[in-house]
Amino acid sequence: MSAIAQPRVVRRHRSWRKVLNTTLLYLAVALVICPFMFIFVWMLLSSFKTGVQQTAWPPLFIFEPTLKNYFDVFQRVPFVDYAINSVIVSVSATLLGLVFGLPAAYSIARWRQSKLAIAILTSRMVPWISFLLPWYLLFTRVGWVDTYQALILTHLIITMPMIIWLLIAFFEDIPTELEEAAMIDGCSRLGVFLKVSVPLAAPGIVASSIFSLIYSWNNFIFALILAGRKTMTLPVAVYSFMSYTEVNWGGITAAATLIALPVLILTFAIQRYLIKGLALGGVKA
Amino acid sequence: MSEHREPTVVQKNLTRRGFLKVATGSSVALLLAACAQPVAAPTTAPAPKATEAPKPAATTAPAPAATQAPKPAATQAPAASTGAGDFDWKKYKGTSLRYVGWNDNWSQPMTSKVPEFEDLTGIKLNWEQLAQDQNRQKVQTELTAKNKDIDLIYIAPHVEGIKYYKAGWIFPLDEYMNNPKMVPPDFDMKDFAEGMLKTCNMLGKQLTLPVVSEACLFIYRKDLFEAKGVKPPENLLDMPAALDKVHSPPSMYGWVGRGTVTQNAVPWSSYLYAFGGDYLTKDRKPDVASDASLKSIQFYADVARKYGPPGMTTMNWPEAVAQMQSNRAAVITDANSFRNALDDKEKSQVVGKVGWAMFPKGPVGNTPGIWTAGTSISALSEKKEAAWYFIIWSLQKKYQTYTHGRGCPSSRTSVWNSPEGQDIRKQWPDWADNTLKTLQISNKGYSPEVVSVMEVRNAVGELIVKAMQGVTGDALKAEAEKTNKAITDIMAKTEG
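Protein sequence lines correspond, in order, to chains F and X.
Reminder that position 116 of the first sequence reads as 116 in our numbering, one-by-one numbering, no gaps.
Add 1000 to the 1-based position in the second sequence for our numbering, that's all there is to it.
Simulated from the structure, these hints should not be mistaken for lab results.
Hints may contain errors.
What the hints assert, rightly or not - Taking beta-carbon pairs under 10 Å as the criterion, some of the chain X residues facing chain F (in silico):
1. Asn-1105
2. Ser-1107
3. Thr-1141
4. Thr-1144
5. Thr-1314
6. Val-1321
7. Lys-1345
8. Gly-1352
9. Lys-1353
Heads up, the beta-carbon is just placed ideally off N, CA and C, and yes, glycines get one too.
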């Protein structure tokens, strides 16, 4: 034992500092995370509270939980139908966003079309509510109100700019030498894009998909105006617990928790890509 | 890390020309947004111009629909019942109606009765229920786009009545109401509280029929008042003295109410009328800088500052009611319909301890604010008669009794006197008596009778918040003059 212990002492000296550094780091992280987590935890707690517990003062952290709010959610709104609609709309909008966004981002990155990039960003900056009336008129004309295609098309305004802007940086990072090498070997431009660049940008694609999925999943205003009974999406469920003379916090938080859950699970599952995607997209690696 | 700092191509360009472009781009965007605003939330008069303004954004919009001048009164004469017979519930069998409504305490219980309507009339009803703000967004967008699909909408005449009517969206009910063939013989139109019926009549047109009777009451903690030997004040000027007795912060605040900009004018209106003021003068000029108005603002703000909990200037009704529910405030002067929230064991800690008194008489006036809402027929609907059938069906005595029993105070006098109504009177005698009394003495709404109620209410709301923050005396008067000017501008823009 002692024979092995000797070198360890030296290492221990170093690891002391390391431990201290890590502790401080985690402490700082915890400090930053706290406010965000608190909101989430509070939502979760509230979803298990009765009406009286909601407004209790001082706020309750330990209480007898109730599942009533969750039953209410399923009773008051066709939650499963809405969930299916939400999945159809946000997944299709994200996929379609990738189909159009990937080539767009690639071309912007390779041919430095910054004007185009800014034009796309502008569409993202305009308050969405200003699109709604023209869209509504358009979709009434072609009879698309309360259809999936109308919702999916409008959700492209959420997903596409996000995908394009995140991916521009990814494509810029891919050394042109790689592409040139492929072309010398007889690959076409399209071939280079599909076989070299897109696979290399995979982490970025995953990250931007998740982001656009989340934004599309949470969008309320488009569905409010353009969806009807058949295609209504999930965020509407939250609002059904707000009415004149009554705000049912239990129902709201239960619905919000249920809506956040799939996104949360998805995010955790693909967290690795997400962090990489953020780091790469924000600052050129 | 430092060697990675080289900015991306796009960022590089952003520094010079790019920046200018972003700036231009965003100003164009803002411009578009600004143009489109009146459409998304049409604050402007219904003139065709208003719908044409946002053309850049709506180039694809088909012209005929957008330019067609809206006609307030329905163009198509309702096909008066041809049969010489009596009222026939089955007359519009096979029609289907779309109703975009609220999810309030009238609509929610009524949903369960829809099958009865469908059985009786053979009309199919699709009733979409949304929270009020979301409802307004949806209805305004769809009707601006001249959507004929909506047959029925839910309106609060004091909020959107004039605006929707002037936009050509509401088909007045007068014609059907006064046609004996369109009203079931046992309907009894005279049964509605007169003041309530009147508040649904704007610009000489019956825009809707009242489904609820809301009145501003002095809602107080009976137990606390009794323990201190105080009675609810009969005169408004005695209110602070009464509040003093029950005020013991931080565990119990004497008074709570709506303080936030968008909402404070609602309960304040009762104070305004009590001091003899009004939003507008007789010739429709804004009048919030009058002596009476300034006194009422000062009074409201003083009460809020002295007896209200912290954060009064951001408090909306849900927060205010929560203070009462959780045993932290003793008085709120607000709607009788809060009974549901305050006297329900599942939501409130003070069940059975809440008293309902008349809103105190003011030094000059005594007209506490009242409010109602109801179903209106869309002027664009092609099934107006069938839509009327729903309105008349839903307001029959038995359904008014049903919703009355579920905490939505009825606007029919007979309902209050029915056996079920008597039960409620026995359970909440002061609530029932004082609601009825208020309805007898008042037909004044919470809000000014203008096209853009919300904008005007917000302008006044900002003034009230300033007073709550301590602006007083001449400074307050100067602010009030500014508010008057702002309201003049809003009215000039929206009423033409």
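- Check each numbered hint against the structure and report the violated ones by number, ascending. 5, 8 and 9
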